[in-house]
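**Student:** In this note's numbering, each number is its position in the sequence shown, counted from 1, plus 2.
It is possible that some hints are incorrect.
As the list claims (entries may be wrong) - The list that follows gives simulated cross-link-like pairs (lysine-lysine, DSS-like), each with its CA atoms no further than 30 Å apart:
1) Lys346 with Lys304
2) Lys109 with Lys55
3) Lys304 with Lys240
4) Lys243 with Lys304
Quick caveat, the hints were computed from the structure, so don't treat them as lab data.
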Amino acid sequence: MTSRQFIRQQERLADYFRRFGLEGEPAFDIVAYQYVLQYPDRLENLPQDVLEKWRLAHHRIEKEPHVVSLLNELAMRDLSGDRLPEWYQFFIGRRYREGSGKFFTPKPIAAAMARLLPPRRNPVIMDPTCGGGTFLVEASRVWGDGAGTLVANDIEDSLVELAMLTLELVASPRHVRHYSSVNIFDPAPEMTKWHGRVDYVLANPPFSLRIEHEQFDSLLFSSGYRNSDALFIDTALKLLKPGGRLVCLLPHSIVANQEFSQLRTIVENSWAVRGVIGLPEGVFHLSAGTTTRADIVVLEKKPVRTGGSRKMVFASVPSAGVQLNSVAKTPVANELEEVLDDAKVREALGV
């Protein structure tokens with residue numbers, strides 16, 4: 003199904019739902035439960051309270067054959083649940099378009115970032131701001147049948163439920179999954195129990211939200227920085243083992259602007275910079291309605307492991323496999339993947 007066909011199906015289903023007064027989260031819950039009905043063997047371990055919530059929503063349309071038939075067709079065509087984040091954004095995600103600092107990560111970028119995790123036996127891979135689980139889904143695909151642990155957290159319960167659904171559909175049985183819903187800037191035991199235990203943090207933290215928790219234990223916070231994206235770096239520092247790697251998206255301003263020069267100095271005291279890849283402006287335009295420019299940043303917690311490459315990679319790509327506007331009709335180039343396919347780049351990044 004092409005993107006345009008899928009959009010038409012979204013509008014068709016939304017029109018059906020509106021006849022029953024169904025919008026927002028209940029509408030998404032119906033779609034989610036259709037996947038449970040379609041793939042029961044893979045989704046049997048979802049929490050019973052979540053399944054019951056979805057089932058009750060789905061019950062409202064069960065006697066409508068046209069709606070059920072369309073839902074069944076859509077779920078049947080999406081064996082891996084790749085469309086689920088799009089359904090979430092369509093029905094619920096508009097709440098994040100303004101003021102939340104949350105930008106849903108396009109799949110081509112998440113897939114590329116997952117490739118920046120070096121091979122390691124039985125790693126713990128965490129996304130503390132997991133959204134719909136896109137990064138962990140891509141990490142799971144990179145690891146294949148290799149053993150590992152995937153940790154998903156988000157402050158929004160509905161996003162954690164989406165992450166559960168997508169990960170349970172695609173993750174190998176050898177990938178142990180953990181889920182939580184806590185504020186990473188006011189960490190509960192569900193978060194602090196992972197301090198010093200994580201091999202890789204892979205994330206797109208909220209951009210430019212102001213954080214004012216007086217008890218937040220952070221060197222950057224005590225140095226006067228209050229923006230969520232900067233403070234996320236200190237959160238990752240606590241989570242990672244020595245030598246652990248952070249691969250995340252950060253605003254280009256943090257990487258390049260003079261006003262953040264002191265922040266970069268503080269960061270380099272605790273981290274080894276392994277790479278920065280500038281993304282084109284507008285990669286979040288269709289998914290989050292913003293033209294904020296972002297960079298992929300690769301850091302390793304000091305002391306770094308001995309014997310590895312100490313080279314750094316700095317690059318900027320004019321395309322990343324992401325459509326930058328709604329009118330483009332030609333396939334989008336992906337020079338981000340081309341950079342990561344370069345043997346010298348992979349050697350420098352240890353992947």
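**Student:** None of the hints should be skipped; say for each whether it holds.
**Tutor:** Tested hints:
1. Taking the CA atoms of Lys346 and Lys304, the gap is about 23 Å. The hint holds against a cut of 30 Å.
2. A C-alpha spacing of about 28 Å is found between Lys109 and Lys55, which places the hinted pair at or below 30 Å, so the restraint holds.
3. This hinted pair checks out: Lys304 and Lys240 have alpha carbons roughly 12 Å apart, not beyond 30 Å.
4. Only pairs whose Cα atoms come within 30 Å are accepted, and Lys243 paired with Lys304 is accepted, the gap being roughly 9 Å.
No hint from the list above goes unmet by this structure.
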